[in-house]
Structures are given as structure tokens and as C-alpha cells.
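Novice: The primary structure of each chain is shown beneath.
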Amino acid sequence: MSAPTLPLDSAAVTTEENSAPAIVFEDVALAFGENEVLRGVSFRLNRGETKALFGVAGSGKSLILKLAIGLLRPDSGRIIVLGEDVTQMREEDLFALRAKVGMVFQESALFDSLSVRENVAYRLMEEHGIYDDEIDRRVREVLRFVELEHTLDLNPAELSGGMRRRVAIARALITKPELLLYDSPTGGLDPVTSNTIIELIVKQRDVYKTSALMVTHRLQDAFTMATHQFDKQSNRMVPLPAGQRCEVPMSFLILRDGKVIFDGDLRELADSTDEYIREYIS
Amino acid sequence: MEITSPTYLAKEQVQTVQDYVLFSAHAVANIFRKPRYFADMLLQADTIGVGSLPIVVLTGFFTGAVLALQASNTLERFGSVTLVGQLVSTSMVRELGPVLTSLMVAGRNSSGMASELGSMVVTEQIDAMRALGTDPMKKLVTPRVTATVFMLFFLTIISDLVGLTGGLFIAKVLLRLDARQYWSNAWETLVFQDIFMGLAKPVLFGFIIATIGCFYGMNARGGTQGVGRATTQAVVAASVMILAFDLLVTRFLMAVLSLN
Numbered sequence: 001m002s003a004p005t006l007p008l009d010s011a012a013v014t015t016e017e018n019s020a021p022a023i024v025f026e027d028v029a030l031a032f033g034e035n036e037v038l039r040g041v042s043f044r045l046n047r048g049e050t051k052a053l054f055g056v057a058g059s060g061k062s063l064i065l066k067l068a069i070g071l072l073r074p075d076s077g078r079i080i081v082l083g084e085d086v087t088q089m090r091e092e093d094l095f096a097l098r099a100k101v102g103m104v105f106q107e108s109a110l111f112d113s114l115s116v117r118e119n120v121a122y123r124l125m126e127e128h129g130i131y132d133d134e135i136d137r138r139v140r141e142v143l144r145f146v147e148l149e150h151t152l153d154l155n156p157a158e159l160s161g162g163m164r165r166r167v168a169i170a171r172a173l174i175t176k177p178e179l180l181l182y183d184s185p186t187g188g189l190d191p192v193t194s195n196t197i198i199e200l201i202v203k204q205r206d207v208y209k210t211s212a213l214m215v216t217h218r219l220q221d222a223f224t225m226a227t228h229q230f231d232k233q234s235n236r237m238v239p240l241p242a243g244q245r246c247e248v249p250m251s252f253l254i255l256r257d258g259k260v261i262f263d264g265d266l267r268e269l270a271d272s273t274d275e276y277i278r279e280y281i282s
Numbered sequence: 001m002e003i004t005s006p007t008y009l010a011k012e013q014v015q016t017v018q019d020y021v022l023f024s025a026h027a028v029a030n031i032f033r034k035p036r037y038f039a040d041m042l043l044q045a046d047t048i049g050v051g052s053l054p055i056v057v058l059t060g061f062f063t064g065a066v067l068a069l070q071a072s073n074t075l076e077r078f079g080s081v082t083l084v085g086q087l088v089s090t091s092m093v094r095e096l097g098p099v100l101t102s103l104m105v106a107g108r109n110s111s112g113m114a115s116e117l118g119s120m121v122v123t124e125q126i127d128a129m130r131a132l133g134t135d136p137m138k139k140l141v142t143p144r145v146t147a148t149v150f151m152l153f154f155l156t157i158i159s160d161l162v163g164l165t166g167g168l169f170i171a172k173v174l175l176r177l178d179a180r181q182y183w184s185n186a187w188e189t190l191v192f193q194d195i196f197m198g199l200a201k202p203v204l205f206g207f208i209i210a211t212i213g214c215f216y217g218m219n220a221r222g223g224t225q226g227v228g229r230a231t232t233q234a235v236v237a238a239s240v241m242i243l244a245f246d247l248l249v250t251r252f253l254m255a256v257l258s259l260n
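Residue numbers (the numbering used here), protein chains in the order written: chain A, 1 to 282; chain B, 1 to 260.
Just chain B, same shape as in the assembly (with noise of 0.2 Å):
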């Protein structure tokens, strides 16, 4: 096997990530430039948000539950079982609701994207687009960016009702809490920084989603192995850039909106 020089590998990872910055930003400014495919925005955002919707809503009702079965374990031995519902709502709406719905959205959606872009990039389609007279960062890549953004942006509000319901239905059958004193602990112990974070969070995930899938997909080479590739290396990429994005970005919050 050909050793490669360690060098040679992490110049490659650079023009990688230098790469990624252009294209990205590349996506970015396709928004403010003409012309603008809002039907294929459309047509994106049922296949990401609609379609992602069965998922979310699984996710975000197990997550919720298993919280709260477990929360109420810990809580017990202070006699604060009744807790469960505060302890529920920040946990999902702060954290659980917005990585998990991404996660989610990324193993569904960065694949697919890096999958068909790639597909048509190794059947000459991407070539056949340009040489019709259409740019695909327009007409595939921003539309993909904007949609997966605006989507995920309400499935996580969808995934955190659905987190909390999951709690309900545990504080409610298993612990045989009261659903109305739940639902004020859930409620009341919100605060605007709380939510603010929750929600500022999928757009930049959204983002991070929608331009890994693409970058992966414009980028694949190497027929449909390379597809193969493409499209793992975006899951995991979009995935583990989630997480490495959600801990800078908690901590950004956390001092910027002064919370504990």
C-alpha cells in the first residue's frame, strides 16, 4: 500500500475546508442574485421538511419520554419527581430538540443530497445543466441551503412539542404525575434565553446540513463508488460538525445571553 506524506494530507484537508468556505459562501450569495428558483425552494422544502416530518416527530416523542423516565429515576431520591416536566422542557428545547432533529435531518437529508448531486454529477448532468445556460449553485445548491434552514427551523419547534408530550405521556402513565401540573412546570420554567437558543441553533445546523450534503454531492468523483463515497462523507461530516458546532455555539449563547 502507497504511504501518503503527512503533508500532502493535511494540505489536502485545508484546501478541503477552504473549499467548503468558498462554496458555501458561494450558496450564500446565489440568494441576493438573479434568477431565484423559489419552485424548486418549494419542491426541496416538502422533500426536507414534510418529508422529514415522520422521523422528527419519532424522535423527539422517544427522546422526551426516555428523558423523563430517566430524569424521574434521579429526581426520586430528592423527592422532586415532580420536576420531571422543567427538567424535560429545558433539556429539550435548550439541546435535545435542536441536535437530535438535525441529526436526524442529516442522516436523512445530507445523504440525499450528496447521493443526487453526485449521481448527476458522475452522469454528466451537472455539465449538461451548465451547458444549457443554467448555474447548478442556483438552481440545486442554494435552493437545497435556504429550504433545509427554513425547514429545520419548525420541525425542531415540532420536535420539541412532540419531546414534551413523550414527557407527558411518562409523568402521566408511569409516574402518574399530574398532566396539568406538567405541563406548568414545563411551561413556567422557560425563560427567552432558553428559547432564543433552541431556535438560533437549526439555522446554523440547517446550514451546515444542506451545504456538507451539496459540497459532498457537486464534489463526488469516481462513478458510483464515488457516490457511495460522497455520500457517507457527508453524514458524517454534517454530523460530527453538528456537534462540534452545538458545543461553540452553546457556549457563545450561554455568555452571551448571560445563562448558567
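So here's chain A without its partners, still in its complex pose (with noise of 0.2 Å):
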């Protein structure tokens, strides 16, 4: 199926004097009492590409997801976030850079007692001053973007899981975000409503260009991802030639026993012959 327009040309613009990394690990380290679950995790995610993470349950991936914006602090390390280090930032400071940032969370976590409307329009009417009229236009837009726009006045609870996740991934878009941060989007979620997720992550990176971080169980999303881009004539996801494989801002990395053990793009995780990554991917 074809991913509805987004008529937002200027969704996440990535300034040339923001040409640092949207993303930089430097040996963090995270551990809950005696339980070390990340011991020195170092990565960069550049602007414009997509990184998908993996590992095994409970490996982290969540935490680095939640460390990035700031939701919690590591025990030590750096992470710097579209330039500025949010492990030295108090939380009132956060919450100016987490206007740039948008989060899917792996249950979606919509507010139950707000109407999907409300729920998308969140951060618009917290930031007050834009008129009711407004939000209604981007709300309608970032809705018909994910093909949820008759869905307007109903509550989470009336939603599919599928559904939720779509409105989830509105909500982070509309304030159009310079990175974006996924926790399992298509997690539990049947292969048709994974596709249709899957593709409007890949418009949103070949579109928009802007910088993703996903955490993912699914092997083949992330490789439908890496073999895939946006055709904005067709309005879809389309593979790429058979000699372009790789050619798009999409790598991966791999987590282990708290540690980066794996950071790099298809090819190179094809050619690995760590035997651990042989298995994961098999």
C-alpha cells in the first residue's frame, strides 16, 4: 500500500549549521542495583540516517532510547544530543530539547483520557498561543499521514494496536521533529499494519530526512528498510536496484551483555563472521 502525502516540505529541516551528530554514545554505562545493563555503550547516529537497535529482551535497547531524551541518566559516560550533552542538563532545560525530538513508545502511550485529537495536538496546546484552527490543519494533516484522519474524535481505547501505534507516530510528528526515536513501532502488530508502519518510517527518512533511532525485534523490517526507499512520484516504498542495496542512510547495530557489539550498515552485517551476529541474523 502507498503512504498518504504529508504536505510538509519543511518537516524537519536539517540546518547545515546543525551538522552535528543527531546522536553521540560516548561509553555510557547504566546499571539498576546490582544488575549492569549497559557497560560503556559508544555509537554516533548521523543526521538524515536511520539506525535500527538490536538485541535480545532486556539487552537495553529501551534504556538507550530513554537515556537519548533524557527520561533517565546513566551512571556515567556522555550523550550528546543535537549538540548539546543532555547528561549535564537539568530537567527543566530537557524539556526544550525534547520539543526537537519526537518518541514512539513501544506501547504506544497515548493518554487514555484524552481523544486521539487531543492526543496528537498534545504539544501544540501545551505550547499555547496557536489558534484552535491551526491545530485542527496539522492535526488533520499528521492524521491523514497516517491514514487515521476518521479517527479524529475517538479515544485510544476504541483504537486497534496498529491503530494506536499510527497515532503514536502522528503525535511525534507534528511538531516536526529533527530526530525521531522508535521503540518497537511494529511490535505485535500483524505483517500488513507492520508494512504500512515500516513505510512511513521510510518516507520520514527518505522524505524528510530526519535522523531515527529504532529499536526493533524484527530482523526484516530493519532489512526491508535498508533495501528500500521512498518513491515520492508513487507516493510508496519501493525496493532499490539490485546494485544500490546499502545505498540509503540505514545501519545497524547490535547489542550484547551490555555492550555494542555490531555497528554497521547491511553489508557489513552480512559479511560479519562474529558467530553470535551469524545467529542473531540467520
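Hints should not be assumed to be uniformly reliable.
Stated by the list, open to error - Some chain B residues close to chain A (C-beta under 8 Å, calculated; not the full set):
| hint | residue |
| --- | --- |
| 1 | E124 |
| 2 | Q125 |
| 3 | R130 |
| 4 | L132 |
| 5 | T134 |
| 6 | D135 |
Said to hold, decoys possible - Straight-line Cα separation of at most 16 Å, EDC-like style, residue types lysine to aspartate or glutamate; simulated pairs:
| hint | chain 1 | residue 1 | chain 2 | residue 2 |
| --- | --- | --- | --- | --- |
| 7 | A | K259 | A | D27 |
| 8 | B | K138 | A | E127 |
| 9 | B | K139 | A | D27 |
No lab work stands behind these hints: they were computed from the structure. Note that CB positions come from ideal geometry on N, CA and C, so glycine has one too.
Combine the two chains into a complex, taking the hints into account.
Specialist: If you want it as C-alpha cells, here you go:
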């Protein structure tokens, strides 16, 4: 299926001055009591790049997203997001940075006391000074992008899992963030809905050049993203020609025992001789 | 079963008290910081205040009525049954009105706050709110604290009045006393100190109810079971704290206001 057009060509504009990496993790460690979850994690996410984050359950993938947006503080190490050191920032200062970052939570985390419209418009309503007409226009626009314009007045409880996930994506996109963090956006969804969501993520990457860090358990989703691009003409995701595989800004990162054991593109992943990685991707 | 060391338990309790004090201070400090969520405060005032009105009215009425009934039994022995109005009024205004209203509101709202906020914590809605650039303390906690303090004050006044009416019902129907005599006794016996004491308490108790409910809710861990535990703990802690602080505040105000 084809993803609908989002008439936001100014979305997620990465200016020349913002040439610093979107995310840099430098030797980040985090423990909960005796349990050392992250033990010196280092990686870099470049502007416009999408990085898929893999690892077995409990390996700390979701924690990396929460650390990146400052919801958690590391025990040691540095985290630079959009040029700012989040490990040194006060909670009050982090709110300004978070305005430039969109996050899609594992279970969507929609506010169940608010309607779809209010959920999607949440950030705009919190900003104050934006007229209702403008809010309504932007909510409809972004809901059209995720093909859920008809759900405007429904409550989250009335939506299916896949619809909730798409509303969460719409909520993350409405302020045109420079960086997107996806926590298992296709987890527990059927293949058709998963494909719709992957197409939305690919479109965000290829058309709006938004940097993204995506936690996933589904290798096939990341492979699809690495072997497809979004075609603006046909308004759908199409496979890359055989010789151009790996030409899209897509990379893979694998965690094991709290450490990064792989960080590279699809070709490097396919060529890896590491026994664990071979087993993981087989 | 694993045995926990008493030192660890003691440290844990001290840590909880410290966290609660910091949490409460943060909630109060936010009153003076922008943004202020006035609409959320009004919504909470409606939920907490108007929503609690039926139970407060019923509790007040039956407490005043049973107080009159019990008092009449004792006063009859001394031939002073006409003083029942005085006894009901001082007991309701000074003590039973604020305490019972607070306990009712605690049962209804501390649990409500703990379960609502706890559910938001375990479903990552609080994290989502922070990720969307909103401080949950300002948006969720401070409006609940200000609304509870404000509404409990007025709920207590209503409870006092309805309690006196309950006493009047017993005095008139069962004790065959004159209604005017009951009211004038009840009214004239009250002095400024009684009313001050009766209306100072709900301000403190309202603060305890809201901060305890929000504290346990915001610190809920461990899924739905954790939310259930937080809800129970919030009601128990709020009720015990209301009764404990009632004793302390009563003693303090009696000394300050030179009441006997």
C-alpha cells in the first residue's frame, strides 16, 4: 500500500549549521542495583540516518532511547543529542531539547483520558498561542499522513493496536522533530500493519530526512528499510535496484551483554563473521 | 521467605520520608512557577470537590445525628439534655467535621489519585508526557494539591452545617427539643478559636491527602499489581497521617489559641 502525502515539505529541516551528529553515546553505563544493563555503550547516529537497534530482550535497547531523550540519567559516560550534552542538563532545560525530538513508545503511551485529536495535538496545545483552527489543520494533516483522519474524535481505547501505534507516530511527527526515537514500532502487529508503519518510517527518512533511532526485534523490518526507498512520484516504498543496496542512510547496531558488538550497514552486517551475529541474523 | 535486615528496612523508610518531603516541596514550589495549569486545577476541583459532596453530606448528617443521640443519653442523667446543641456544634466544628470529611475524601481521592497516576506511570504515559515537553509535577500533581486544599476547606464547612442539621433532626424528632433553642445553643457556644481550629485543619489535611495520593501514584512500580499496592498504601498512609496530625495540630492550636 502507498503512504499518503504529508504536505509538510519543511518538515524536519536539517539546517547546515546543524551538521553535528544527531546522537552521540560515549562510553555510557547504567546499572539498576547489581544489574549492570549498559556497560560502556558508544555509538553515533548521523543526521538524516536511521539506525536500527537490536538485542535480546532485556539488553537495554529501550533504555538507550530513554537515555537519549533524558528520561533516565546514565551512571557514567556522555550523551550528546542534537549538539547538546543531555547528561549535564537540568530537567527544566531538557524540555526545550525534547521539543526537537519525537518519541514513539513501545505500547504507544497515548493519554487514555484524551481523544485522538487531543493526543496528537498535545504538544501544540501545551505551547499555547496557537489558534484552534491551526491546531485542527495540523492534526488532520498528520493524521492523514498515517491514514487515520477518520479517528479524530475517537478515544485510544476504541483503536486497534496498529492504529494506536500510528496515532503515536502522528503525535511524534506533528511538531516536525529533527530526531525520532521509535521503540518497537511494529512489535506485536500483523505483517500488513507492520509494513504500513515501516513505510511511514522510510518516508520520514527519505522524504523529510529525519534522523531516527529505532529499537526493534524484527530483523525483516530493518532489512526492508535497508533495501527500500520511498518514491515520491508513486508515493510508495519501492525496492532499491540490485546494485544500489545499502545506498540508503540506514545502519544497524547490535547489543550484547550491555555492550555494542556491531555497528555498521547492511553489507557489513551480511559480511560479519562473528558467530553470535551470524546466528542472530540467520 | 527472604528475611530483610531491620537496618535496610529503617533506611528504606527514612528514604521514603525524604522522597515524600522533597516531592511535597516540589509540588508547592510549582505553584509559583510557570506554566500554571489553571484549567486542570478547575477540573480537579470539580472531581474532588463536587464529586465528594454526596459522601461528605451523608457522613456529616449521620455523624451529627448519632452524636446528638449519644450525647442526649449522657446529658439526660444530669438533666441537661437541652445542651445537646452545644455539644454537637463544638464536636462537629472543632473535630469531627474536619477529620471525618478528610478521611472520606482521603478514601475517595487519595486512592483515585494513586491509581490514576500509577496507571499512567506503568503504561509509560508519564514518560510520554515528559518526552512531549511537559513537567508531570506541574501538570498533574500541583493542580491536584491546590484543588484538594481549596475544596476540602469548603467541604468541611458543608459537613459542619449538615452535621448540625443531623443533630437538629434527632433533637427535634426523638428528643422533642425546640429547634430554635437547639440552633441558638449550637451557634452561641461557638467562639472564634473553635472555627479557626476547624478550618485550619482541612487546609493541612487536604495537602496530606493530595500529596500522599500523588506520591504513591507517581512512584508506582510493577504493573497492575503495583498500582493496586500504591492505591492501598495511599489510603492507609493518608488516613493514618490525618489522624496523627490531627492530634498534633489540635494540641498545638489549643496551646496557641488558649483553648481548654
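Novice: All the hints need checking, so say for each whether the structure fits it.
Specialist: Going down the list of hints, with the structure as the test:
The interface hint given for B/E124 holds, since its Cβ lies 4 Å from the closest Cβ of chain A, which is under the 8 Å cut-off. With 8 Å as the threshold, the beta carbon of B/Q125 comes within range of chain A, its nearest partner Cβ sitting at about 5 Å, so the hint holds. Here the hint on B/R130 is kept, as its CB sits about 6 Å from the closest CB of chain A, short of 8 Å. For B/L132, the interface hint holds, since its Cβ comes within 8 Å of a Cβ in chain A; the closest pair sits about 5 Å apart.
The beta carbon of B/T134 is positioned within 8 Å of a beta carbon in chain A (closest approach about 6 Å), and the interface hint is therefore held. Nearest Cβ of chain A to the Cβ of B/D135: about 7 Å, under the 8 Å cut. The hint holds. Between A/K259 and A/D27 the alpha-carbon distance is near 9 Å, which keeps this suggested pair within the 16 Å criterion. The hinted pair formed by B/K138 and A/E127 meets the criterion: a straight-line CA distance of about 15 Å does not exceed 16 Å.
Only pairs whose Cα atoms come within 16 Å are accepted, and B/K139 paired with A/D27 is rejected, the gap being roughly 35 Å.
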